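Use the sequences and the hints to build the structure in full.
Here's the letter readout for the chains.
2 protein chains.
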Amino acid sequence: MGLDDSRHALNRILELTVLLNDDMARDLARRGLTGSRAHLIWELRDGSPRTQNGLAKALGVSPRTITGLVDGLVARGFVTREPHPHDRRAALVTFTKKGERASRALERDHIALAHKIFDDMPATTFRGFTRGLDEVIARLRETLATKGEHRAR
Amino acid sequence: MGLDDSRHALNRILELTVLLNDDMARDLARRGLTGSRAHLIWELRDGSPRTQNGLAKALGVSPRTITGLVDGLVARGFVTREPHPHDRRAALVTFTKKGERASRALERDHIALAHKIFDDMPATTFRGFTRGLDEVIARLRETLATKGEHRAR
DNA sequence: AGCTCATAGTGAGCTAGACTCATAATATTG
DNA sequence: CAATATTATGAGTCTAGCTCACTATGAGCT
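If you're matching them up, the sequences are chains A and B in order.
In this text, residue positions in the first sequence follow the working numbering: the first is 1, and each later residue adds one.
In this text, residue positions in the second sequence follow the working numbering: the first is 1001, and each later residue adds one.
Calculated from the structure, these hints are not laboratory results.
Careful, some of the hints might be misleading.
[Claimed, not checked] Keeping only pairs whose Cα atoms sit at most 30 Å apart, straight-line, the calculated DSBU-like set for lysine-lysine is:
id, chain 1, residue 1, chain 2, residue 2
1, B, Lys1098, A, Lys147
2, B, Lys1147, B, Lys1116
3, A, Lys116, B, Lys1098
[What the hints assert, rightly or not] Residues from chain B that face chain A, not an exhaustive set, calculated with beta carbons under 8 Å:
id, residue
4, Ile1013
5, Thr1017
6, Arg1026
7, Asp1109
8, Ile1111
9, Leu1113
10, Phe1126
11, Gly1128
12, Phe1129
13, Thr1130
14, Arg1131
15, Ile1137
16, Leu1140
17, Leu1144
[To be verified] Which residues of chain B face chain A? A partial, calculated answer using Cβ under 7 Å:
id, residue
18, Ser1006
19, Ala1009
20, Leu1010
21, Arg1012
22, Leu1016
23, Leu1019
24, Lys1116
25, Ile1117
26, Phe1118
27, Thr1125
28, Glu1135
29, Thr1143
Predicted model, so just to flag it, every value in this text is computed and none were measured.
Cβ atoms here follow ideal geometry from the backbone N, Cα and C, with glycine treated the same way.
Printed below as a string of structure tokens:
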């Protein structure tokens, strides 16, 4: 395939990332959330009381950043910090009612988006897309891994 | 197609956006650039002397933000502010030698990435992917337009 | 028991990117 | 010429990352 084709395809992918980002950011804003805060809630969704350290590892972000995100979510009433039963150092980040509602709303939004994108797509197109997508992701993973080796030296 | 399939596909797309972001951010950091600053350089690439206002519209960002981005690029020697020949209010953001080199490097990186992702992908897979991708983008555009109407009311 | 080391969280201070609002300087137009 | 529009920036805010230093506590080893 020609180079121009692959460049064009890459540009389309980048266009997609921008569109997705905009769409999701707007939905989140409507619910009083930012991307990072929503990400935290999303993580909290499976296994609600979590320590901040656990969240830091799950989100791939420093513990200090979690402190800030949790501060924001506490201020807006989505979560509370509860004492850990066995470890007085740790705080358990716990959903409030509002937080649980928001968590379910995020899930609904996610499903609705998947619907909107894929529902009336012909099955063959869908399969062709996902097949290619898997390959693209695999190539990207390779690339990242290779560069990671360099850095590790 | 089942709901689970579309949800899974959406998750894969999100995974892709994260991978792409990481990969590009790392390349940019290697060149002393951030995503936003690179974006500005990318825009400057086609039609080098540009006013900040023009850049603001091109990047879809407030003029004040451009001031900040240009400040950063000037401090690092990628661009200069030159006086506009006919309008003493406006500054023309202009590449330095270093900026031009960086601009070409970004282009090379872009091409290399497209290569890495698509080069050894079977043509049928590639076509299937781009076809689906076009549809996905179209659906997203629709969604955004619909919501935009709401906001416009 | 006591000492050392590790872990959980936060304060302080930095960079970066985005916004608004107000303002200065300059263009444009009636 | 006077009113209005445009270009850029200062001031101040918010979010989201980071590191480094520090407190409090937990765990393990003599």
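Hints and how they fare:
1. B/Lys1098 <-> A/Lys147: holds, 24 Å
2. B/Lys1147 <-> B/Lys1116: violated, 36 Å
3. A/Lys116 <-> B/Lys1098: Judged against 30 Å, a Cα distance of about 45 Å means the pair is violated.
4. Ile1013: holds, 7 Å
5. Thr1017: With a closest approach of 4 Å, the B/Thr1017 hint holds.
6. Arg1026: holds, 7 Å
7. Asp1109: violated, 11 Å
8. Ile1111: Result: holds, 6 Å to nearest chain A Cβ.
9. Leu1113: holds, 6 Å
10. Phe1126: holds, 6 Å
11. Gly1128: Constraint on B/Gly1128 satisfied, holds at 3 Å.
12. Phe1129: holds, 2 Å
13. Thr1130: holds, 5 Å
14. Arg1131: holds, 6 Å
15. Ile1137: holds, 6 Å
16. Leu1140: holds, 4 Å
17. Leu1144: holds, 6 Å
18. Ser1006: holds, 4 Å
19. Ala1009: Cβ of B/Ala1009 sits 5 Å from chain A, so the hint holds.
20. Leu1010: Holds: closest Cβ of chain A sits about 4 Å from B/Leu1010, inside 7 Å.
21. Arg1012: With a minimum Cβ separation of about 5 Å from chain A (threshold 7 Å), the hint on B/Arg1012 holds.
22. Leu1016: B/Leu1016 check passes; min Cβ-Cβ to chain A is 6 Å, inside 7 Å.
23. Leu1019: holds, 4 Å
24. Lys1116: Given a least distance of 5 Å, the restraint on B/Lys1116 holds.
25. Ile1117: holds, 5 Å
26. Phe1118: It holds, given that the least Cβ distance between B/Phe1118 and chain A is near 4 Å, below 7 Å.
27. Thr1125: holds, 5 Å
28. Glu1135: holds, 6 Å
29. Thr1143: holds, 5 Å
When each numbered hint is compared with the structure, violations occur for hints 2, 3, 7.
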